[in-house]
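Use these hints to put chain B with the ligand onto chain A, whose structure you have.
Residue numbers (the numbering used here), protein chains in the order written: chain A, 1 to 328; chain B, 1 to 258.
Simulated from the structure, these hints should not be mistaken for laboratory data.
Quick caveat, the model's predicted, so the values are computed rather than measured.
A few of these clues could be false.
[Unchecked claim] Quick look at which bits of chain A chain B covers, simulated, 3 or more residues with Cβ under 8 angstroms: (1) 26–33; (2) 308–314.
[Unchecked claim] Below, computed lysine to aspartate or glutamate pairings styled on EDC-like, alpha-carbon distance capped at 20 angstroms: (3) Lys256(B) / Asp293(A); (4) Lys144(B) / Asp244(A); (5) Lys234(B) / Asp293(A).
Backbone N, C-alpha and C fix where the C-beta goes; we use that ideal spot for every residue, glycine too.
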Amino acid sequence: MANQILIVPEEREGALRKVSFELITVANELAHALGGAVDAAIIGSNVAANAQALATTGIAHVYAVDDSALALFAPETYTTALTEIIRKIAPSIVLFGATGFGKELGSRVAARLGWGLVTDCVGVKIENGALMMTRPIYAGKAMATVKAKALPVMLSVRPNIFPPAPASTNASTAPIENVAVSLPAPRARVVEKVMKESVAVDLAEAKVVVSGGRGVKNTEGFEIVKQLANTLGAAVGASRAAVDAGWIDYSTQVGQTGKTVAPQLYIAAGISGAIQHLAGMSSSKVIVAINKDPDAPIFQVADYGIVGDLFQVLPVLNEELKKVLAEK
Amino acid sequence: MNIVVLIKRVPDTETRIQIKDGKIATDGIAWIISPYDEYAVEEALRLIEKHTGKVTLLCLGPEEAKETIRKGLALGADDAVHLNDPAFLNGDATTTAVVLAAALKKMQYDLVLAGKQAVDEDNAQVALRVAELLDLPHVNSVIKLDLSDDKKSARCLREVDGDRDVAETSLPALITAQQGLNEPRYPSLKGIMGAKKKPIADWKAANLGIDPGSLNAKVEIVRVDPPPARPPGKKIAGDAATAAKELARLLREEAKVI
Ligand SMILES: Cc1cc2nc3c(=O)[nH]c(=O)nc-3n(C[C@H](O)[C@H](O)[C@H](O)COP(=O)(O)OP(=O)(O)OC[C@H]3O[C@@H](n4cnc5c(N)ncnc54)[C@H](O)[C@@H]3O)c2cc1C
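Bound conformation, chain A alone:
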């Protein structure tokens, strides 16, 4: 029996998010193990260009619901649109990015169809014919292995864990099918996008995160953190102590009750490494800690540690990294 694997890519400001290509990687592996092909369902307004981009990634089919009513996110209309596609192609597995969009849409569609949903997976494989997923629980203090008792099932994949599939392959272009769906008038809907002054880099998808804690001392101190982040093209993070002190927006908080991040490089400056902070960042590939206190718990997870004053270390590090990057 052929198993269709359906991915639900995601757009941001008109472009496909990187996680969409990571989904293709996971879906290809599943399709290979189960015998089947990968389809994509793209939902939104003016999605033609992105549908076209998806069609050259080696997948089998692109289904698109392209409707001006989908210009801004409304859970109910998006749910209806995606549910229609799923009913039509009856996939065995549906994959989302574990982003705000993927979690929200996945939950509603799963409930409407009565399917199981496993969110925020960092490992996905077929074992003895069963779909097994690994996901962090307690913000990464433990890893759960979750088994789908049967297919079909839905899952969402944490950004930045799987390598993205190449944007374009030499494979032939997949057919794009526009699916007309009669959409309900939503009762809840986004009416306005409020961009932040420093949209900069999204924490969850960032390759590099530079975070500051109470040791950064004040808002001005965060300028040093931001300069380093700027040099590295990194997202700025923070500990809860820094956020609670009002030195930086709470949306930058990393940890159990903040963002969970898994960048290639995480630099923690003036952060002690409380268990709630470690929970959100300890799966980063390389961790650097800069702290005055040689006994700070952050050093227990750090790959590289400097015992020292961040106000002396960061400016030099910034200048050095600029030099190193210029050599590229």
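Chain B with the ligand only, in chain A's frame:
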């Protein structure tokens, strides 16, 4: 107006998670209301202070969850429903949402509030599933909530993946709380004393007309492991400038991350 708040009992975030035989060892754990649910409780209390009405807590959990419910009542909620039946436990997000939705069908509400996720299994889907099962609109991950004067709609600021947007919904609706929505209060001594006398209804499968055999989990946790151990790190010696230079070199040449 009537507000129902979904709350979950979870291990204190300070807790070091211990794993025994592929399971989380729960002995010796301190338990709390999931932090995002606390924001939801706080918001409900503030809305009622402003618009008058009643706050009811709804909690699915074992008998021990009573203690967690009392904490919520001590903060100022009026009463609570405890979905307290062994048949409700050990399910998954699908079955939990089915039970919560069945309970809400028996309750009166203008608004359902919940945390955007519980901080134990971090599923981030139960509340939204409940909204769908009840055919309610929802707004997720809200950091500011304003009700219209006629209490028929709400305007919300949301924080999602680092972006912000404004969403509107008609009521009744389900709204989930994100950090930033408010600053939760502490219980007063009077609140703690008063909580002992507030009613908590115990509802079983039979009260909800649920056949326990119909609660089929779609997915199951087969094993829990500690996170992969990290290899011991390197402390870089020298004064600040020397160490910073060496770090830049190591990140480039050894770790190859820049
Ligand atoms: C329910 C709950 C949820 C929580 N969730 C989170 C969460 O999601 N994320 C989070 O981060 N925390 C969270 N916390 C808070 C957490 O327990 C800690 O309080 C917090 O992480 C401490 O932040 P910090 O490391 O910046 O501050 P501190 O613990 O005060 O550490 C500051 C560090 O800076 C160092 N320092 C000071 N000056 C300098 C200098 N000049 N140069 C170098 N180093 C210096 C000090 O040696 C110290 O180690 C939560 C707490 C609770 C109760």
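How the hints compare with the structure:
no., hint, verdict
1, 26–33, "violated (count 0)"
2, 308–314, "holds (count 5)"
3, Lys256(B) / Asp293(A), "27 angstroms, violated"
4, Lys144(B) / Asp244(A), "17 angstroms, holds"
5, Lys234(B) / Asp293(A), "15 angstroms, holds"
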